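Visitor: Each chain, written out:
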Amino acid sequence: MSARPIATTRSAAGIPTARLAVWWIIASEIVIFGGILGSYIMHRMAHGIWADYAANTNTMVGATNTFVLLTSSLFAVLAHQAAERGDGKRAAKLLYMTCGGGAVFLCIKAFEWNYEISHGMTISSNTFWSFYYLAAGVHAAHIIAGCIIMLFVAQTAKRNEELHRVEIIGVYWHFVDIVWIFLFPLLYIAK
Amino acid sequence: MSDHAEHNDSFYIKTWAILLVLLIISVLGPEVGIQWVTLVTAFGIAIVKAYLVAVRFMHINATPRFVVYFVSTALVFMLLFFAGTAPDVMKSSGTNWEKPAWIAADIEYEKNRGAHADGHGDAGHH
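Respectively, the protein sequence lines represent chains D and R. Under numbering that gives the first Met the number 0, think of the first position of the first sequence as 0, with each following residue one higher. Under numbering that gives the first Met the number 0, think of the first position of the second sequence as 0, with each following residue one higher.
Next comes chain D alone, as it looks inside the complex (with noise of 0.2 angstroms):
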């Protein structure tokens, strides 16, 4: 029998451990991007000229982003759905189909940002852009880091071994989007 760490093994005030331990990640995390847009919200509400920088990001880019990422989460719930029912190896194929989800994301926002670049609209060109791509690119930087963890928990998901990990990524997963899907209205439609 393989060695399991402690954690797993037990669980503390009703909830297993690696689920309380996900939902506190996302409480800390709301901080931090509670904080980041908060901070461009009182920006953008102070700074009227903002609304023309704003002007210059691509509404459809946006939507198809966010249609890619409600996709994605709609196969990790899938996938937890499969892991549920004790079917690891559905449960892997979803969870390979969500971080594909996340590639297609992370494509996007590469071509939007390279033409963004190239027009001149970079970080320092004003307090507008350094927020966007401040925003979007701690927000890039989960997707990245969830697909990473994903693709471990498929291999092992795989084997129908430590199939409650699949709920987990896939809270954080959804953690993601929730950002996004304020994110988007935020830097996309409030011009």
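None of these hints come from the bench; they were simulated from the model. One or more of the hints may lead you astray.
As the list claims (entries may be wrong) - The following label-pair restraints were derived from C-beta to C-beta distances:
| # | chain 1 | residue 1 | chain 2 | residue 2 | range |
| --- | --- | --- | --- | --- | --- |
| 1 | R | V54 | D | I116 | 37 to 43 angstroms |
| 2 | R | N95 | D | T63 | 47 to 53 angstroms |
| 3 | D | G119 | R | H6 | 45 to 51 angstroms |
| 4 | R | S92 | D | I147 | 44 to 50 angstroms |
| 5 | D | V60 | R | F10 | 28 to 34 angstroms |
As the list claims (entries may be wrong) - To give a feel for the contact side, a few chain D residues facing chain R, derived at Cβ under 10 angstroms:
| # | residue |
| --- | --- |
| 6 | R18 |
| 7 | I29 |
| 8 | L36 |
| 9 | T58 |
| 10 | G61 |
| 11 | L77 |
| 12 | G169 |
| 13 | V170 |
| 14 | D176 |
| 15 | K190 |
Note that this is a predicted model, so its numbers are computed, not measured. Note that CB positions come from ideal geometry on N, CA and C, so glycine has one too.
Given chain D's structure and the hints, the job is docking chain R onto it.
Guide: Coordinates of chain R only, in the frame set by chain D:
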């Protein structure tokens, strides 16, 4: 395994479809050209979408109450941060204080720089 109520896959696919419809509405909202409609369709719908993802995908309603409490605490602290710092950013003066002249000048400079840009974000030339 998880102890929350299970749904079949069609429940989640229906939720996804609802989210897509809400996304389309939020994209079309600004086309109406009325500011309050844009705000409602953009941010109101964002809140609804976030709620749907949190409840239906994350199953937050199936977690113990204290989880909801400490996640809500994080949200409250975020709002406290906003409330505590927003007046400094958004107002130019208050009781016993006013913004230094150099900040007001900076805002004016940024406004003028934006007015001279030909519709694009500033090219970053200094």
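Visitor: Hint numbers the structure violates, sorted upward?
Guide: none
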